Structure formats: C-alpha cells, structure tokens
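There are 2 protein chains.
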Amino acid sequence: MSSSTSSKSQAQPLRPPLPTPTKIGILLFPGFQLLDICGPLDVLNLLSRLTPLHLTILAPTLAPVTTNTFLSTSIGSDFAQSVLPTHTFATAPDDLEVLIVPGGFGTRDEESVGELVRFLGEYAGLRWVLTVCTGSAILAKSGVLDGRRATSNKKAFAWVKAQNDKVDWVPKARWVVDGKIWTSSGIAAGLDMIYAWIAEVWGEETAQELADSGEYVRNKDPDDDQFAERWGTV
Amino acid sequence: MSSSTSSKSQAQPLRPPLPTPTKIGILLFPGFQLLDICGPLDVLNLLSRLTPLHLTILAPTLAPVTTNTFLSTSIGSDFAQSVLPTHTFATAPDDLEVLIVPGGFGTRDEESVGELVRFLGEYAGLRWVLTVCTGSAILAKSGVLDGRRATSNKKAFAWVKAQNDKVDWVPKARWVVDGKIWTSSGIAAGLDMIYAWIAEVWGEETAQELADSGEYVRNKDPDDDQFAERWGTV
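Respectively, the protein sequence lines represent chains A and R.
As numbered in the UniProt record's numbering, residues 1 to 234 make up the first sequence, in order.
As numbered in the UniProt record's numbering, residues 1 to 234 make up the second sequence, in order.
Just so you know, these hints were derived from the structure itself, not from any lab.
Among the hints, erroneous ones may be present.
Note: identical chains are not told apart, hence a pair may lie in one copy or across any two.
Subject to a maximum C-alpha distance of 25 angstroms in a straight line, what follows is the list of computed SDA-like cross-link-like pairs (lysine to any residue) [claimed, not checked]:
hint	residue 1	residue 2
1	Lys172	Gly76
2	Lys220	Glu209
3	Lys161	Asp212
4	Lys220	Trp231
5	Lys23	Phe105
6	Lys141	Leu71
A quick note: this is a predicted structure, and the numbers were derived from the prediction, not measured.
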C-alpha cells in the first residue's frame, strides 16, 4: 500500500489515472461459501453510497442459488441461504470491468464448476478478477492463472494446488496480487483483500472510511497470514 | 470466556448443562445490512456441518428481501443483493430457540420495522436473542431491552439511543451480554459476537476450530472496541 500511496502523491504521474470501475460482477454456484461473496459485497454496498456502482450477479440460470451442501444435510442439518442471480451466463453484460469469484465446497462439483470455468475462459475485457478462498481453484482450472502467482484457502491448499500445477501457488499470504488478478486466502481473508483493492483503486482514505463504518479491523499486510502455519502450508 | 471455561471444567456442576440449541431463526427486512446476517450465518453454516442445526429465515412475506436503500440508488448506483425467506411471521415455527436480528439502514423505516417489532414483542420462548449493529434498535423499540444493558453500531449510536431511553446503552463494547440477550456493535462486530456465543454454548475449542477454518482472527475481548473513540461515543 505504501508504494501505491507514494506513487499517487507524485505531482506528475507518467500517465493520467484510469477511470475507476463501475461495473462489477460476481459468480454464484450451488454450495458457494456465503462470506466469500457477502464480505466483499457488504463493503461494496457501502461504497455504492459514495460512488455509482452497478452489480451483476451471475449464475447458470436465474434460479436462486443455495449455500447448501451435503456436508450439512448428511448430518441432519437444514441450514442454508439462497441468493438471487440477476443474469445468466448467456445474458451477462459484455462490459463488466471487475469479476469476483467466491469459493466454497461447491467448487468440488465438476459439473457446475465446468460452466463457470468455460465462462471465465471466454469472458474478455475484465480489468480486475478477484477470487476469495477456493475461488482461485475455479480460476486455475480455466487456465487464466497459468504462470501467475496466486493463493487460496489454507485448509484446502493441497486440493487447490492439485487442480493446476502451472500456477505459482503462494503458501503463505493473506492475499496475492499478480497484475489484474487478486486472489485471497480462505473466507474472511476476502474482507482484507477487498479493502486493499478499494485502497488501490479509490485510495486508502476511502478504504479506511468504509472499514471504520463497517467496524472492521483490517489486516493491511498481505504477508501476515497466521493460517498458513495453522493448516501446515509452510 | 475464561470464567465460562473454568465453570465448565468443574467436575460437579450445580445443574446439568442444558441441551445445545438446534432451531435458529433470523429476521430479514428491506435495507438490511448484508454482513450483519451473512457474518453470523456463515459461521453457523460451518457449525451445521458439525452438529444438526435448522435455519428459519423470517420476513413479512416470502418475497425476496433486498439490501437496497435510497442511499445507493439516490446517487445512481444499482448495487444490491436479495435473499430468500423460508417463512413469514404468520407461518413462523413456534419453537425457535435462537433469533438473530440484523441492522442496516432499513431499521429507519418505521412501517417495515413496525412488523418486526410486533413480532419480537409477541414471540415467546426464545432462549437467546442476538442482534448485530442497529438490530438492537429494533429490539429496543419492542420493549424487550427495557432495563437491560445493550450496545449497537457506534456511528449510529446517537440515533439508536434516541429510540428508547429505558435501555442501559453501553457506549464502548464490541458486544454486550445481558442474560439471554446478546447485542453487538456495528456490522463486522457480529462476527466476534457469534464466535463468542458459540464458545459459550458449544465450547471454546469448537469456536476456535470454526474461526481457524474461516480464517478469521477473532477479537475475544468484548470491551476491546476501537470504534467507540472513532465515532465519538465515549
């Protein structure tokens, strides 16, 4: 963040700043991890009160998408939530600038993830792609991460790495930035990543104002990841 | 937490422990704050893989409930999410043990909140009520908080206090416990509260295992609230 701040404070940038994005999309699939999308989206909801933003919620069909998985139902739980998509892959606007990809146990379903992977591989023109948790495994399957640095959920790290060995998987990181692609560690790490991304795009002052409003204590250091040791990735 | 842990470790408790709850409800209303519900629910989703839990999502009707408010639309944003209820107030099961009440800008809508307030005032038998953010303002309007200690969102604290002066509002607290009623500070504070509540009910080991899986760094001290100073409540 400090290098970004200092470069932005220079009086004569080498090129004028690009316009901030307004068109943000998010992918849903059955068995998505709720906080993977609702953490970043809650912060962006607050940001949408400060600057005009448009959200597209993408899924294979317009049917409500559930967090439910057999991990809960198999022990007798009936405990899930459903979120409504706004567009299908077929009706997705072609001018999205940002796409957020969540993870969750549903990423293990080859059939439903296959559609996401094809969509990701074919969709062009995105200025940023942000993944939370095992969302990076979906992105890895699409080939978009080949030769790039990325991280993922640390408890599931071995499984994620096995999805594509052409990715430079970073075993200890709260989040990783490689060009236009930001990947975060598991679940709650998506909150730290989205604040860092907002700081990068809209400035640190805006990011901190949102975090103060959300009463969230940020981890601003992408290398500060206590869950790498906890789950044995290092 | 330490007093709870030590009392549970005594060989001869004064009375046998009560059964852990299984029936959990959550209230929705237009303009709810997304993370207020999705923070606690994401943790409970993980818990529902360890112990059988049943979720009821309550709203006035079965129509999808949106996070949208004029704070976003008035500046040209189109950025919201909709969650599906499972029951209406009229069809609510009568054996809920736990109810979670979110906050959000929708708590300012007297008409929609009026229905919630009546429901809260009439629903009996709950073993726990947990509010996040300005959800405590709804609870305060129902009279349930009269004479009790409670906290709320710190940026909106003056407005919350004005809803009911018979509540002992705590100006600096991440969360407050008064008997069966748990109230948290704003938005992200609901995560720290739900982990503390799970530690109280299912034990600290379970709570920490869930936090490690969710890669969430807990604030375990209910008095550690840096946003009280930030928003001038103390």
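Evaluated hints:
1. Lys172 - Gly76: neither (35 angstroms within a copy, 40 angstroms between copies)
2. Lys220 - Glu209: So Lys220 and Glu209 pass the 25 angstroms test inside a copy (14 angstroms) and across (24 angstroms) alike.
3. Lys161 - Asp212: between (35 angstroms within a copy, 20 angstroms between copies)
4. Lys220 - Trp231: both (21 angstroms within a copy, 21 angstroms between copies)
5. Lys23 - Phe105: between (27 angstroms within a copy, 24 angstroms between copies)
6. Lys141 - Leu71: within (23 angstroms within a copy, 39 angstroms between copies)
Hint violations for this structure: number 1 only, all remaining hints satisfied.
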